[in-house]
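Q: Residue strings, one per chain:
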Amino acid sequence: MTVKASNTVKVGDTAPDFTLPSLDGDPVSLSDYRGKRVALFMWASW
Amino acid sequence: MAMDAQGAAKARPYVELAHGTFQTVVDAENVLGGMYGFRAIPNGYLIDENGVVQYEKLGGFDIRKPETAAIVNRWAEGEDLAAPQDPKAEAKDGPSAEAIALFQKGLELYKADSVDEAMVLWRQGFALDPDNYIIRKQIWAVENPDRFYAGDVDYEWQREQTAKGQ
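So the sequence lines, in the order shown, correspond to chains A and B. Just so we're aligned, residue 1 is where the first sequence starts under my numbering, counting upward by one. Just so we're aligned, residue 1 is where the second sequence starts under my numbering, counting upward by one.
Everything labelled a hint here was simulated from the structure, so no lab data went into it. Errors might be hidden in some of the hints.
25 Å max Cα-Cα, derived DSS-like pairs, lysine-lysine [said to hold, decoys possible]: (1) A:K10 - B:K57; (2) B:K105 - B:K57; (3) B:K88 - A:K10; (4) A:K36 - B:K57; (5) B:K88 - B:K65; (6) A:K10 - B:K65; (7) B:K111 - B:K10; (8) A:K10 - A:K36; (9) B:K10 - B:K105; (10) B:K10 - B:K65.
Based on the sequences and whatever the hints tell you, model everything.
A: This is the structure we're talking about:
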């Protein structure tokens, strides 16, 4: 039984906004960068 | 965007190693997995001035690879990338929202030092959505820190775990 998540972002979609903490704990939002080009990478130590 | 459930303490050494001048944020709760619809990393999204996604690569977007770095450099220099849609993003089944919810509940227990209870919920999440490697690898990293944080990450060991269905 798998509940489907409704969102799968595709090319041409508006990137969903989010706010997450920086390494120092300060909140950072994607929308802070509106008007600039953004390169988002998702990675992890594992 | 570090997807480490164990947070900034685990992510920071890698940013320092890379001499990163970019903004790094920590998504310990895997919020973005559900929001953007991915189960594994490394991923890349290139977003234009209006907030519209112009390029997307799910899996294998390792900035250490020359082809990945070239795409990002072209983007930074203002080039328009006529990128085809990543077929993985066309697949309709995103990650299980229920599995992510279990992961997030488990993380609260983990942060309260109830590691065994956290592991029960994380394993339930893994069972619901075995292809969710954000959950799966986080279980590995907590249970087997020597495979992750004592020198290089042991990817051969990870392949063995995957083959065994662990």
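Q: Take the hints in turn and mark each one as holding or not.
A: Consistency of the hints with the structure:
1. A:K10 - B:K57: OK: A:K10 and B:K57 at ~10 Å, within 25 Å.
2. B:K105 - B:K57: violated (29 Å)
3. B:K88 - A:K10: OK: B:K88 and A:K10 at ~10 Å, within 25 Å.
4. A:K36 - B:K57: Given pair A:K36, B:K57 holds - Cα atoms ~20 Å apart, limit 25 Å.
5. B:K88 - B:K65: Distance of about 20 Å is within 25 Å: holds.
6. A:K10 - B:K65: holds (23 Å)
7. B:K111 - B:K10: holds (14 Å)
8. A:K10 - A:K36: Between A:K10 and A:K36 the Cα gap is close to 20 Å, so the pair holds against 25 Å.
9. B:K10 - B:K105: holds (20 Å)
10. B:K10 - B:K65: The hint holds at about 22 Å.
In this structure, the one hint that does not hold is number 2.
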